[in-house]
Structures are given as C-alpha cells and as structure tokens.
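Undergrad: Sequence:
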Amino acid sequence: MECSSHGTAFDVVNRLVSSYLGSGRTLYVDNCYTIPDFFRYLKREGILACGTMWLNRRGGAPKFKLPELKKADIDIMALSNGSLNLWFFDKQEVNVPAIAHNKIITYNSKINPITSEIIISLSS
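Position 76 of the sequence shown, counted from 1, bears residue number 81 in the working numbering, the numbering being contiguous throughout.
Everything labelled a hint here was simulated from the structure, so no lab data went into it. Note that beta-carbon positions come from the ideal geometry of N, C-alpha and C, so glycine has one too. Hints should not be assumed to be uniformly reliable.
Restraint ranges, calculated between C-beta atoms of paired labels, are given here [stated by the list, open to error]:
1) R49 to A14: 16 to 22 angstroms
2) I119 to G29: 35 to 41 angstroms
3) K48 to T13: 18 to 24 angstroms
4) I119 to L26: 38 to 44 angstroms
5) I119 to T13: 37 to 43 angstroms
6) E50 to C8: 15 to 21 angstroms
Using the sequences and the accompanying hints, generate a full structural model.
TA: Encoded structure:
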C-alpha cells in the first residue's frame, strides 16, 4: 500500500475508521495517532476525536503558548481551528488536544486531594 501525503499514521487510522465515518462516534487515541490535521478531517467526516499528544508533535499548539505547570496544575486553551487543548501535570506534562469537547467547562463536586481545588470537566 502506498502512503498518502498525509503520512502513515493518518492512513492507518483512516483505514480503520472508514466504516464509521458520519456515525457521530468519538475516537480516543494515544500519542502515535494524535494528529491535529487528522482530528479536523474526522470532525468534517462526522467523527469526534481526543487523545494525548507529544508536546513537540508537528501541527500541535504553538510552543510560545505552552504554560509552565507544576504538580496538579491544569490549563485549557481554545484554538481558532476549532480544537481545544488541555494541559495538565501529573508525573510529567501531558497535552490533550480534542475536538470531542466544546469550550464549556463544567465544575462538579469532586475535589483534588493535593490542591483542594474543584475538579473541572469538559462538556462534549
């Protein structure tokens, strides 16, 4: 099979989800398959997506906007391309780009045991 101009990861995941296009399902992926351009393509095709991403991944959030995080910190940025980026710090910094969530933040009754702050969640 010949690789398209989008790259191998794009082609592999696209082949796997092709029968679900237009279904309104949500695809959750790990670092290897989190490609912002592919997420936007899936959204146009009726599939939402969310996944962790390496901070230096091509097409990721601009480096100059990355927040400096400490343990239990969280930061959310809505990008102009329709995606949402969530950063948090556990044992290391984690970047989660998503098109499966909108920009509405929901506060619930759960409390972070380390910081005693209210835990937030993102609406889908």
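Undergrad: So, for every hint listed, does it hold in this structure?
TA: Comparing the hints with the structure gives:
1. R49 to A14: 16 to 22 angstroms: 18 angstroms, holds
2. I119 to G29: 35 to 41 angstroms: 36 angstroms, holds
3. K48 to T13: 18 to 24 angstroms: Since the Cβ atoms of K48 and T13 sit about 21 angstroms apart, the hinted range of 18 to 24 angstroms holds.
4. I119 to L26: 38 to 44 angstroms: 41 angstroms, holds
5. I119 to T13: 37 to 43 angstroms: Given a distance of about 40 angstroms, which is inside 37 to 43 angstroms, the answer is holds.
6. E50 to C8: 15 to 21 angstroms: 20 angstroms, holds
The structure shown violates none of the earlier numbered hints.
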